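S.K.: For reference, the chains in residue letters:
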Amino acid sequence: MDKEKVYKFNSDKGNELSVPLKNAPMKEHGVIDFLVIAAGFLLITPILSAHRVTDFMIFCIFVMSFDLMYGYMGRLSFGHMLFLGTGAYCSGLFIRYISGNPLLAILVGIFMAGLLAMLIGLVIVRTTGACFSLINLAFNQIGFFLVLSPLRGITRGEDGFGVRVSSFGFFNFANTTFKFCFVLLCLLLIFYFLKRLTTSPYGILIRSIKEDETRVKFLGYNTFFYKWLTFVLAGGVGGLVGTLSALNYNFVNPNMMDVHSNVGVVFASLIGGAGNLYGALVGGVVYMLISNFLPIYIHRWEMFLGFSLLIIVFKFRKGVWGNIQDIWEYIQKRKGAPRLAA
Amino acid sequence: MLYTVLYGFTIGAILYFISIGLSLTFGTIRVINFAHTLTYTIAVYILITLMAYFHGFFPVAGALAVLVVIPISYVIERFIIRRLYGESLDYTFIATFAVSLIGVDTIKWIWGVNPYPLSDPVGIYLAVWGLTFPLYRLLIVLIAIILFFALELFFKKTIVGKIVVAALEDKDGLRCLGINVDKYFSIVFILGSALAGLGGVLYAPISSIHPYMGLSILLLSFAVVIVGGMGNLKGTFISAFALGMVMAITARYWSQGAETMVFIVMAIVLIFRPIDI
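Residue numbers (this note's numbering), protein chains in the order written: chain A, 1 to 342; chain B, 1001 to 1277.
Hints listed in this document are in silico derivations from the structure and should not be mistaken for laboratory results. Bear in mind the structure is a predicted one, so any value in this text is a computation, not a measurement. Using N, Cα and C, we set each Cβ at its ideal position, and we do this for glycine too. Hints may contain errors.
Label-pair distances were calculated between CB atoms; the ranges are [as the list claims (entries may be wrong)]: (1) 328/A x 1272/B: 43 to 53 Å; (2) 255/A x 1075/B: 53 to 63 Å; (3) 1075/B x 119/A: 39 to 49 Å; (4) 42/A x 1114/B: 36 to 46 Å; (5) 1182/B x 103/A: 43 to 53 Å; (6) 1153/B x 255/A: 40 to 50 Å.
Take the sequences, apply the hints, and build the full model.
M.R.: Given below as structure tokens:
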């Protein structure tokens, strides 16, 4: 009762950008979601091969972590690859020099990316809008440069280095099936975690920060802390993604921190529909399909990407998932109408 | 050391040409234009094509290249930027980035991905105190300084310039006076793009030419605009030369760190003077 009031109060702001707060309660879907997601990825596996789908899922986690910051908190970052790269490099170096244990490496990757986010977050979250994007970009560029040049001794510059994980028990990352299952498990875990997070009061708070930060501040919340926390969480998940991709490809190279790769995740988040975890999943898959298969058929695929981004910005702002939701609501209304009449 | 200073001034001058448009566009229409250096790249490629027709006569080819950029930038303004007035910043970011993706791919389509060489068009070296300076670099700095005063005159003396300066201050107030602000915005945009094209034409002979050349210099000019203050014309002039000098001095001692140092300066400036947009 109390919660519903909050939603209603917020949802009548007629801002086109605003994320509707209506589908907030968790219990509506429950376990079915996870089954549907798992089934969806398993269904496309026979068509695309397990290796590719593992790739897709890793990217989907990345899109979700980006979406926490962009879709939910309304801060567009053009440097999210920094955390992916940090996770990949830290865990890769950990495996190379300290221990081959993949689980420890994952923890190290998450921790180091989170730590970096904690430190630079103190500076970055003070800014908004374009400034936020650009300062993220600047930090990403600095990270890319650090990896490429001053730390060449341990990161091996442009060449990157191989990552060999030791296997113990059934934890065998050389096995494609195990890798697939492990990444799927990670995806579901992260999905559950973010779902809980975004439907909690904290999630409502960060959405409110997106709508109007001054009002939230006026209500007595320390917005700086919440923004910082979101930044750290997004960074930590980014670190996980980095570690997973290092384990998946068995090597780490500076491409994982490349500034120009940020377009991909922004595009994926938009095409799926920002501010929605399902949208992030759909967008991730769609983007990966486009970037994997389109270059085979169309030589000028960057141009296609540009035109579709323009179409999204001008005509298709809700993304794939937003439109599915609209259609779904429309059907529900059509269904509901005769019943009301009768 | 004198070489370093000259190098810094050259880079500063080029950065000034490019970031003046970016700064103006941001100050008036509140659009962060990722496609800004697209015109820079296009101008360079047109210059290369024209050089063949004019048998390597640089001034005519360069001037024509800058002129060709004007209609292209008008098309971008008319069909993309004009729709973005008053939009959320994220969308303007993404839309202009999309434009630059399309543009770069078109360039790759027409001219190919291979880098082109272009030699120093003046080729005269001045000998002063036993040191030799390439005259071309001095000319670039000279043009930048002339341009700065020309722009100052333009914004102080002409009615268009005055309207633009007023728009930087208060757009709605200007609209209330019955002035068609949008028309002046497109003039500002085209002016900025043409200046970026000029920067490209002047910089091409002393840099490498490839389809992605715009992207790296775009990041640098963003840094210039942020350090100098968005929509602040004098600030842009000073910060362009200051950052150019930072680049040159860093490059002297640590050549790979030059571009990153600019971003470090930008980060420091942002920490102490965050811009609320």
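S.K.: Which numbered hints turn out to be false for this structure?
M.R.: Result: hints 2 and 5 break, sorted rising.
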